[in-house]
Amino acid sequence: MDLLSGTYLLAVLLACIVFQSGAQEKNYTVREELPENVLIGNLLKDLNLTLDPDVPLSSPLQFKLVYKTGDVPLVRVEENTGEIFTAANRIDREKLCAGISSESRCFYEVEVAVLPDEVFRLVKIRFLIEDINDNAPLFPSTVINISIPENTAINSRYSVPSAIDPDIGVNGIQHYELLKPKTAPKRTFGSITNDQGQNVFGLDITETPEGDKWPQLIVQQILDREQKDTYVMKIKVEDGGSPPRSSTAILQVTVTDVNDNRPVFKENDVEVSVPENAPVGTSVSQLHATDADLGSNAQIHFYFSNQISSLAKRLFAIDNTTGLITIREPLDREESPVHKLTVLASDGSSTPSRATVTVNVTDINDNVPSIDTRYIINPVNGTVLLSEKAPLNTKIALITVMDKDADQNGKVTCFTDHDVPFRLKPVFDNQFLLETATFLDYEATREYAIKIVASDSGKPPLNQSAMLLIKIKDENDNAPVFTQPIIGLSIPENNAPGTQLTKISATDADSGRNAEISYILGSDAPPIFNLDRRTGILTAVRKLDREKQDRYSFTVLAKDNGMPPLQTNATVTVSVLDQNDNSPAFTHNEYNFYVPENLPMYGTVGLITVTDADAGDNAAVTLSIVNGRDNFIIDPLTGVIRPNITFDREQQGSYTFQVKAVDGGRLQRSSTAKVTINVVDVNDNRPVFVIPSSNYSYELVPTSASPGSVVTKVFAVDNDTGMNAELRYSIIGGNSRGLFTIDQLTGNITLKEKVITSDHGLHRLVIKVNDLGQPESLYTIALVHLFVNDTVTNSSYVQELVRRNMETPVGQNIGDGEITPQTNDYVKIIIAIIAGTMTVILVIFVTALVRCRQTPRHKVVQKNKQSGEWVSPNQENRQIKKKKKKKKRSPKSLLLNFVTIEESKPDDPGHEHINGTLDIPVELEEQTMGKYNWATTPTTFKPDSPDLAKHYKSASPQPTFQIKPETPVPPKKHHVIQELPLDNTFVVGCDSLSKCSSSSSDPYSVSECSCQGGFKTPGPIHTRQL
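Whatever position you read off the sequence shown (first residue = 1), add 74 for this note's numbering.
There could be a bad hint or two in this list.
What the hints assert, rightly or not - Within a straight-line C-alpha distance of at most 30 Å, the following computed BS3-like cross-link-like pairs (lysine-lysine) qualify:
1. LYS622 to LYS414
2. LYS138 to LYS414
3. LYS142 to LYS169
4. LYS142 to LYS525
5. LYS478 to LYS310
These are calculated hints, taken from the structure and not from any lab test.
These numbers were taken from a predicted model, which means no experiment stands behind them.
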């Protein structure tokens, strides 16, 4: 059981090795002589082949019978189904396996390749040929002669030449017999009929160790030569087929005279070995035989039996006298390794002696290996055509090597003689698959002559070689290649249509149609270019204009004519070279610049921008002033215009000249443009009061004046123009009770409320007039005195009061500590009443209580230290009503004409100072400023002037210059000094609401003004004479 298990495991292991190598074996049994198209088997089913659906196949499944060129196969394999059928040439076992006596050894082998390479396997099919009884046994001759001595003992046996049947097994020879006669025996002299012979002789069959059946004749009766010397019989041989086949021969037995002794061989069985290269005449064996008789009966004659093969009779010779066997012809072990020689020794009697000589022909390495090439890929005129796209391990041919020699002399190795992209892969014993080992490349090598060498292991070894030609078939596996992947071209503009630019060239490593190249413009190529499909000449079909497009980039394709076609692309860049075909171009035909009249000499007026569509030197533009060079200069490169003079709008309001632009081309081109420079007014004049004509004047306001009536009027003029001359009036001080109001446009001062007793006296109004100039508004302050009373009884006193009020700071309301005569009378009466009632405490208490609960109309004040002064209107009641009463100390210093504000120090808390803040109506200023649209162009600007904001967006290094409505003028510290009569003008350096500072030195930059309430901070007001 262990031995069987080991054998089984070994068989499984061998089967796995064969399967992994892509080789399988399959055995079939087939009877000989079958007609054509008899189904033998189905490889697809018998091999259990299944296809993996996930593995794509390059071609349909195919079963290809592999056989040697020139051979006629005995079977046919259906390529699509794998079914095996008998072919037109019938299988003849006796012809196919001549000389083979064992049925198990007669095989017919073929190889079948399962294709394509994705599922490749090589199947060796062994057909066991089954014998049929198609041959009858035959005797060597139709008459068989045997000599038997008359003194032969009963039951003696004599060999009869055996018949020969090519069939084997049961279909071979099975039976011999002597036939009985069908008629009565006929007696003749010297002979006996068959029945007599059959009674005298019998027939027996002996079987040799090799399985052969030999007939033997048995003597059954005593022979008497004098009575009967010849017996003629018929012998029959029959096989075991169904139906059986048979044949007959005449057996003639001759009774010879008495010979007491026959020859005896020293050895009946002799075995010798002779090398196959033994020369002719070499002794093989010396037979020895003896005979006990004397005389002629003892003379022995040696000869070969007629039962030996014709080959043995041809190769060997025997000396009839000596019994020496020699070589007659050269031996060939491969033809027959063993020869059995039956040698008979006869002394002249009828019964010779028999000896068997077995000659073993030993092997000599005298045969070179044979190479049998069976193509899997059918050759054309002896050459295999193989695509360069063939995958790895593509099977080309089955190589079978053989050596007829034995042992080491017959062991063969197979290889290729040099390095090629192919290899020999072992599949079966002495069989190799020739397959691709690497990828093929037609462009590298187009043809291979593979030398296959087979060498045995003899000493010395013998070699054999065979040539196998393989031509690589070109496939379209190479795309065209441009000589330059990026093609750069330059061409001057204004070319003639059809101008040839270049010739595009590409190569293809393939051959034939696969290397035929067509040139095509890419989809991104503009229609201005044309490419000849065959020659690759690139032309410009129209005139190029660099100013429209100075560079073109597009692709060109090179496409071969293979199936499928392959293509590649290259990038073509065409640079259009400039020619001086464009004149310089001004951004405007006419330029209008607006400059302030206070622009300093060599300040920036504006920028002239010129463009030239050309490039390089052709676009290098130089500017110059044609006329007006005395007044202006221009930078030739940047185009900045600067004045060579100072402006005065009142003398000349505009300037006009021509500017010329010339390019740097070889043939220069030029153009001109008109430039107009308009001088713009600057807010450099402050308003001047006309009314009042003096700060010392005053107007009488009757107490009977009704609210809304005009009590007086102020009027001022401004020498500037436009918005710089627009004036606005406002009361910025002295109207703490809100008794008066002023029209900001007309300057009319009207009474706002009805005059009451406390309003009587002198009122000093601080009137401010300012223009709407930008970036800084200029203003002037004037004092308007209003005397509220029914009449002016003492004008000198009023004038004196006005003069004294001029010494009072502007920020302080007049009337502090002053009591008018009418008010003095009222105070005396009140003091008398209070003094009279002080005697009665209760009356004083009641009076004080009532006094505290009622709202007093007048305040009791001290009498001024200076006698004879008028009492100013009491401001207490109106201050309480508006809740704006503040206690401040009078300023310590007072200058006449220059007003500044300093923080007051309340050293005297008992002194009640008038409100020192000039409350400028901010709402009025905002309304006034809001009425003017600062985003619009002033009336002094020309509406159709060029857009300088766009104009200065050039590459010029000069700063962009644009005159805007809010462009500030150079600040001039105009101190508001009005040329009024002496001591009649208050001078203020800046608007009391604003403190303007400029952080830019550029006279055209906008100054940033931050407004600080200078008059909001109570303090002394100082005046300074300029």
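Hints not upheld, ascending by number: Those not satisfied are hints 1, 2, 5.
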